[in-house]
Amino acid sequence: MILSRRTLIGGMATLIAAPVRAADYAITPQAIGDGLWLVRGADEPIEAGNGGAIANIAIIATPAGTVLWDCGPSVRYARALRQQAEQLTGKPVVRVYVSHLHPDHGMGLAAFDPAIVAALPGTIEALRAEGQGYADGMYRLLGDWMRGTDLMLPGRSISQAEEDFGGRRLTLLALSGHSSADLALLDPQTGLLLGGDLVFHDRAPSTPTADLAQWRASLDRLKALPHKGVVPGHGPFDPGGTAAIAQTRDWIDWLEATLTQAVRDGLDMVEAGEVAIPDRFATMAAARYEVQRSVSHLYPALEAALLPRVDIPD
Amino acid sequence: MWQVHARTLFGDDPVRFDPRVKVDFPMIAENQRSFPVAIDARAIPGVTRIMLLADLNPIPIAIDYRPTHAAAYVATRIKLDQRTPVRGAVQLANGAWLVSGGWVDAAGGGCSAPPVSRVKGDWADHLGEIRGEAWPMADGVSRLRLNFRHPMDTGFVDNIATYHLEALAVKDAGGRTLGEMGIWAAVAEDPAITLMVDGKPGDALTIAARDTNGRDYKAALSVARQSPMPGGR
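Line order of the protein sequences matches chains A and B. Per the numbering used here, the very first residue in the first sequence carries number 1; after that it's consecutive. Per the numbering used here, the very first residue in the second sequence carries number 1; after that it's consecutive.
Note that these hints are calculated values from the structure, not bench results. Just so we're clear, the structure is a prediction, and the values are computed from it rather than from any experiment. Treat the hints with care, since some could be wrong.
Claimed, not checked - Derived Cβ-Cβ restraints for the label pairs, each shown as a range:
#: 1; chain 1: B; residue 1: D125; chain 2: A; residue 2: Q87; range: 46 to 52 Å
#: 2; chain 1: A; residue 1: L212; chain 2: B; residue 2: A93; range: 45 to 51 Å
#: 3; chain 1: B; residue 1: P19; chain 2: A; residue 2: A31; range: 33 to 39 Å
#: 4; chain 1: A; residue 1: K223; chain 2: B; residue 2: A220; range: 36 to 42 Å
#: 5; chain 1: A; residue 1: A301; chain 2: B; residue 2: M27; range: 41 to 47 Å
#: 6; chain 1: B; residue 1: R176; chain 2: A; residue 2: L212; range: 30 to 36 Å
#: 7; chain 1: A; residue 1: A304; chain 2: B; residue 2: V157; range: 58 to 64 Å
#: 8; chain 1: A; residue 1: D220; chain 2: B; residue 2: T8; range: 55 to 61 Å
#: 9; chain 1: A; residue 1: R128; chain 2: B; residue 2: K200; range: 53 to 59 Å
#: 10; chain 1: A; residue 1: A31; chain 2: B; residue 2: W103; range: 43 to 49 Å
#: 11; chain 1: B; residue 1: V157; chain 2: A; residue 2: L88; range: 15 to 21 Å
#: 12; chain 1: B; residue 1: R83; chain 2: A; residue 2: E125; range: 31 to 37 Å
#: 13; chain 1: B; residue 1: W103; chain 2: A; residue 2: P239; range: 40 to 46 Å
Note that CB positions come from ideal geometry on N, CA and C, so glycine has one too.
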């Protein structure tokens, strides 16, 4: 690149411009059941335009207080969420469940007293090990949206299968596969199942910490569990309760089979990231983006398993 | 940086940008330690050399490949130390260089993070392992994939000296060199390299590589006995 005086001056003007403060998050809960609201995330990658608010969040009103299902990517998000939730229910937040370690779901927990934030032991362990790396990545992508958001760990480790909030009992399921520890929640009062990121819907599943075999087993358990609608971790509410689970299963089966075939056909990672995506996934947002991420996550292990050894011993 | 690199790498040879040098990579640098890049210059006749470089990497050159009896194609994975242009440069017999590429946004530190096998401590157990396969394509060319186990130390991680694969050659049964390359530590840990060398179904290929400690790596394989791959890959 040749730097002309004009580009130099232009560049300096950018440098001295006042830092832009991120806009505020718009939190718009929609009622999907008796005392249960969904706050939809954007069906997009984490980027400055959406402030990282891409995960679905749920608000549950109980006689004992307000329960939050995930709390978003940043302290700013979580504070706005709490305000909205407490206005809706007229009761303070008494519990925040963090479904798994990914930062779009739980980085906002720093806005709460850790004593009311609960997660599976595996999630707390993983956050302790990897949380700072996720926090660094979020600051890099989101800048000012993240201001004041420090890595905090949930103060309560979930070991029981249900929790009673003044008569509204919530069933807790310890699963895995999207990550090493994935929490799902069934609200018997409405029959609604909160799937966390074990379930995606019309938004391509992400696999940075996935174990596909465990993921399939967890989807089988969710499918077998009597429930009505499903709140996926990303994408629209599934009122029928079967479509989102089936679509997630279809995607991860297709993904694994397709990448396996790509290794067998001799494709490099770049080429594997460009494989055709079947028409039946046309409704899924961020499909190409997630295929290319998944190639990065899954391809090396498939190559190690499928390509034969050809070295000659010394 | 481009001007500095251009002067160092290309000297007085004429250089021009040419979109027929297809430099292909994913839309997101999901892993800055291992970012896939493919350079396909098969649309340009008479390519004698292909260089893969990332301008703003502390080790700018990843691969310098001479496809003597091979198609003008190479794919591998590189480390990214920050947001940088990633380029493919191909040289013609008359010395001219044709260049193309694009910007890649990446989190920092791909060159200064310790290799996974160093953290695990098992790198030496797997050193020398090579996996690979070769598939026939149309026109007497075969797609060759090679995956080496090697830490590819950059020298930028505390107390670990530079240590990487530095040379690779592919030969046919008669000992003729089909392609050879210089390799730098900008190539990702456990280098994965895809080439398109001359060879028909059943042809034997031998691989010889060497690292910066003088350790030799050898492999042998045959092009699969099957009809040419579908899709013209």
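These are the hints, each one checked on the structure:
1. B:D125 <-> A:Q87: 46 to 52 Å: The hinted range 46 to 52 Å is violated for D125 (chain B) and Q87 (chain A), with Cβ atoms some 59 Å apart.
2. A:L212 <-> B:A93: 45 to 51 Å: 48 Å, holds
3. B:P19 <-> A:A31: 33 to 39 Å: Since P19 (chain B) and A31 (chain A) have Cβ atoms about 53 Å apart, the given range 33 to 39 Å is violated.
4. A:K223 <-> B:A220: 36 to 42 Å: 48 Å, violated
5. A:A301 <-> B:M27: 41 to 47 Å: 22 Å, violated
6. B:R176 <-> A:L212: 30 to 36 Å: 43 Å, violated
7. A:A304 <-> B:V157: 58 to 64 Å: 23 Å, violated
8. A:D220 <-> B:T8: 55 to 61 Å: At 58 Å between Cβs, range holds.
9. A:R128 <-> B:K200: 53 to 59 Å: 55 Å, holds
10. A:A31 <-> B:W103: 43 to 49 Å: Given about 45 Å between the Cβ atoms, the range holds.
11. B:V157 <-> A:L88: 15 to 21 Å: 51 Å, violated
12. B:R83 <-> A:E125: 31 to 37 Å: 33 Å, holds
13. B:W103 <-> A:P239: 40 to 46 Å: 43 Å, holds
In this structure, the earlier hints numbered 1, 3, 4, 5, 6, 7 and 11 are contradicted, and the remaining ones agree with it.
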